[in-house]
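S.K.: Protein chains in written order, with my numbering: chain A, 1 to 491; chain B, 1 to 491.
Don't read these hints as lab results, they were simulated from the structure. Since we're looking at a predicted model, the values are computed, not measured. A portion of the hints provided could be inaccurate.
It does not matter which identical chain is meant; a pair holds if it fits inside one copy or across any two.
EDC-like cross-link-like pairs, simulated, lysine to aspartate or glutamate; straight-line CA separation at most 16 angstroms [said to hold, decoys possible]:
id, residue 1, residue 2
1, Lys104, Glu83
2, Lys98, Glu88
3, Lys453, Asp432
4, Lys325, Asp390
5, Lys113, Glu88
6, Lys98, Glu83
7, Lys87, Asp109
8, Lys255, Glu83
9, Lys113, Glu156
10, Lys408, Asp264
11, Lys325, Glu374
12, Lys208, Asp222
13, Lys208, Glu181
14, Lys468, Glu319
Protein chains: 2
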Amino acid sequence: MAKDFPTREQNYSEWYNQLVVKAGLAETSSVRGCMVIKPYGYAIWEKMQQQLDSMFKATGHTNAYFPLFIPKSFFSKEANHVEGFAKECAVVTHYRLKQSDDGKSVIVDPEAKLEEELIVRPTSETIIWNTYRNWIQSYRDLPILINQWANVVRWEMRTRLFLRTAEFLWQEGHTAHATPEEAIEETRKMLDVYAEFAEQWLAIPVIKGVKTANERFAGALDTYCIEALMQDGKALQAGTSHFLGQNFAKAFDVKFTTKQGVQDFVWATSWGVSTRLMGALVMAHSDDDGLVLPPKLAPIQVVIVPIYKNDEQFKLVSEYALKIKNAIASRGISVVFDDDEQAKPGWKFAEYEMKGVPLRLAIGPRDVENSTIELARRDTKEKFIVHTTDIELKIENLLSQIQENIFKKAMDFRDNHTRAANNMEEFVQILDTTGGFVSAHWDGTPETEEKIKELTKATIRCIPLNNKQESGKCVLTGNPSTQRVLFARAY
Amino acid sequence: MAKDFPTREQNYSEWYNQLVVKAGLAETSSVRGCMVIKPYGYAIWEKMQQQLDSMFKATGHTNAYFPLFIPKSFFSKEANHVEGFAKECAVVTHYRLKQSDDGKSVIVDPEAKLEEELIVRPTSETIIWNTYRNWIQSYRDLPILINQWANVVRWEMRTRLFLRTAEFLWQEGHTAHATPEEAIEETRKMLDVYAEFAEQWLAIPVIKGVKTANERFAGALDTYCIEALMQDGKALQAGTSHFLGQNFAKAFDVKFTTKQGVQDFVWATSWGVSTRLMGALVMAHSDDDGLVLPPKLAPIQVVIVPIYKNDEQFKLVSEYALKIKNAIASRGISVVFDDDEQAKPGWKFAEYEMKGVPLRLAIGPRDVENSTIELARRDTKEKFIVHTTDIELKIENLLSQIQENIFKKAMDFRDNHTRAANNMEEFVQILDTTGGFVSAHWDGTPETEEKIKELTKATIRCIPLNNKQESGKCVLTGNPSTQRVLFARAY
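Build out the structure end to end from the sequences listed, making use of the hints.
M.R.: What follows is the structure, encoded as structure tokens:
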């Protein structure tokens, strides 16, 4: 497998673009802005889905499925919502093709025009709240705790594999509650689920916070988020959880009778993560030789490569390797024995490094003699020889260590790339040298936020939860401020 | 839960429509022809997905994801394919909305017209084979064994929940092979997977066969299918597996170098099942009181209902019920203890009957005294008292028995509704009385097939695999025939 692609140092952006393709995760398709998620990439996404899904179910949610299409009129009912999404909608206007009159091509049948255009969902609040109206009469019907796994479309002009694509896969939770307190609790609970998933599974440390008004979801009262830091010092929003207040209930007239017998509008939340997490995973951990995957999400956790010079050795090594493989597999570890005789060990080593397989085992005739095995860690590149006694337990331990180490490395990186700035000079200097999070006082106005963005391309990523309160002066205007917020340049 | 809906006898069609809604499986949405799959329905679909997915993986397939949109020009490349799907395509023509000039409404921005229209995939052969062109150079790149879980859109004019909807969920396998033999083997293998799934999981006996030319998938050389029989005597095609020959490889110029060093076009298959299976499941087994679910696909396999007259009894019964529940759950059985004090036992009984929960356990104070429990089977409506010793094993056995019994009942029904006809009089008489499959000689011409359809509304469901060869005379024309084929009126 060819490694001729830029290093992170040379060109981080190109390093990412090429790595995603070379590792077999995804590629651009012939449809503008849409990607093909290849089997190896999809296998990682499936692992993410399984884990998230079990966490959603453990917190009381069930899955359901709502239509792909949203009538244009629904879309217009919540004013901020339509404003936020109108500019990037795929619109279905016709429902039939036909042969052209000359019989030479296929054209859209002008007689098959829809009375009302349909929007391919960019998010499903409107169609779901239109449905909830019929499901909710009384407080007894609440809460509704539903999640949907789906594809959505946002007609982005500049796209990048996983990070920003016209079509992407995601989950969107949509819950309905009797009180604002309960809805806010749900919003925060799902933020915690996302943070736990990011840290324990993706091995990416995240900062939980709340967005400023400028950065809120279109139609939300509050948007909570988890923010991660990539190796180039740019931040990436890895998940959001929105407190929608009564906005969508009002737009779709969803009322209920309270315990006290009063009519009130229903309180809402929505929350989602997407295939964007695939991009975060790649950018947070990988190196110049390829992917580095946390073992919990690696489709192949261990690969065994036989080393041999002739058929006799191959047979000897293979028998031994299969025993090792079975021992490891018995612990529920995903292990592959690559006995392809067409490829040389060196080529295989490079391939599995590219694919980010956490542990590589090499076995030669001498190992068979000595009951040993050579282990190579993908994360640290360390190699060591171990005895095969209790090999499955050793492997299991190592995989845990790798998972922890990857997380720790990302955490150290973030710690080293989170710095306080007390004036604009420091602010810009940090961004232009190390990058990362800049903790700075801000006067709380959208105007200042906008101005700082214009000047530096940095946005307020979030106001961290449980943020320390301290009086200070806004880094731009010098106006009084009660707390520092986190700025960064971001994906 | 209200049971005021027609019996199967009174109005089978309305019985189905209302049952799907009353059991909480799905409902129609505000988007023409699109359904909302509700949590209970989706939970069954998830179980189907999990099982099918594991069977696909066990036969060497991996999942991937291809774009939702297909450029119109791709669609036109395979002549039969476009002819088959052109009449029912949702077409995206624009990518932006904007405020109308008077600011009062949202309109499609006429300036945001796509250069080439995009079709919302009705099936993905074209976009996938366009992608495979870049993945395949040599026989070493083959076979490609990929499956996709996705939503697809076919703009059907008359829709019914699950059976025929404008948008539906499905899986579509798309494989690429070096030889026709291998592709045909794959086609047949996946047909076997579908048949095994239908019989072992859905508990629906199916006939494996091959479609006549008239009924083939648009673009296939051969379409294999599994055909099931519903309780009203109509057949339902439950899954198809297509041998596509080199049609799509030729349309998209997908060539490979053979082992012999010659260039050849690649051989293809595709195969799919959809949320239509949900409709089959309901129609095959359910009765006038509600759903009857095979235990392997039931989201709730066992429900425990407490019977009590006062708080003291409630406490006593609840403690006992929780022990029983834990014992049952320890076997991996999905069990719910319904301790809702707002609803009466009779109401709960009716509700769980409607939802098709295979086993209901009722526990009263006397059961606690005697260490007994009352069991009620949903399939046979039998009730009996059992001692709680080894209750989890008894439940486990009963669930197996129920699974088998539901299958056997459907098999008996099919056996009783499969009859031979030797002339058109017998043919029509069977269709108009008992319905079901009619085994009859056919002269092998599309014209005769078409004529029989016009006269009787029955189509050839399939030519069964390993069909007995016997000489006879076509039931319509009297022309010579070598075998009987299976006719039926169908969904």
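S.K.: Taking the hints in turn, state whether each one holds.
M.R.: Verification of the hints:
Taking CA atoms no more than 16 angstroms apart as the test, Lys104 paired with Glu83 passes between copies only; the shortest distance there is 13 angstroms, against 41 angstroms inside one copy. Only between protomers do Lys98 and Glu88 lie at most 16 angstroms apart by alpha-carbon distance; the minimum there is 10 angstroms, versus 28 angstroms within a single protomer. In this homomeric assembly, Lys453 and Asp432 come within 16 angstroms of each other (Cα to Cα) only inside a single copy, at 14 angstroms, whereas the closest approach across copies is 75 angstroms. Taking identical chains as interchangeable, the C-alpha atoms of Lys325 and Asp390 lie at most 16 angstroms apart only when both belong to the same chain, with a minimum of 12 angstroms there against 38 angstroms between chains.
Taking the closest pair of Cα atoms, Lys113 and Glu88 come within 16 angstroms of each other only across two copies (12 angstroms); inside a single copy the shortest separation is 21 angstroms, beyond that limit. With identical chains, the CA atoms of Lys98 and Glu83 are at most 16 angstroms apart between copies only, with a shortest distance of 9 angstroms across copies and 35 angstroms within one. Proximity of Lys87 and Asp109 under a CA criterion of 16 angstroms is satisfied inter-copy only: 9 angstroms between copies versus 26 angstroms inside one chain copy. In the homo-oligomer, the alpha carbons of Lys255 and Glu83 never lie at most 16 angstroms apart, since the shortest distance is 25 angstroms inside one protomer and 48 angstroms across protomers.
Proximity of Lys113 and Glu156 under a CA criterion of 16 angstroms is satisfied inter-copy only: 15 angstroms between copies versus 26 angstroms inside one chain copy. Taking CA atoms no more than 16 angstroms apart as the test, Lys408 paired with Asp264 passes in neither setting, with 48 angstroms inside one copy and 52 angstroms between copies. When the C-alpha separation of Lys325 and Glu374 is checked against a cutoff of 16 angstroms, the pair qualifies only within one copy, where the shortest distance is 14 angstroms, while the shortest distance between copies is 49 angstroms. Only within a single protomer do Lys208 and Asp222 lie at most 16 angstroms apart by alpha-carbon distance; the minimum there is 13 angstroms, versus 55 angstroms between protomers.
Taking the closest pair of Cα atoms, Lys208 and Glu181 never come within 16 angstroms of each other, the shortest separation being 19 angstroms inside a single copy and 56 angstroms across copies. With identical chains, the CA atoms of Lys468 and Glu319 are never at most 16 angstroms apart, being 60 angstroms at best within one copy and 47 angstroms at best between copies.
Checked against the numbered hints listed earlier, the structure breaks hints 8, 10, 13, 14; every other hint is satisfied.
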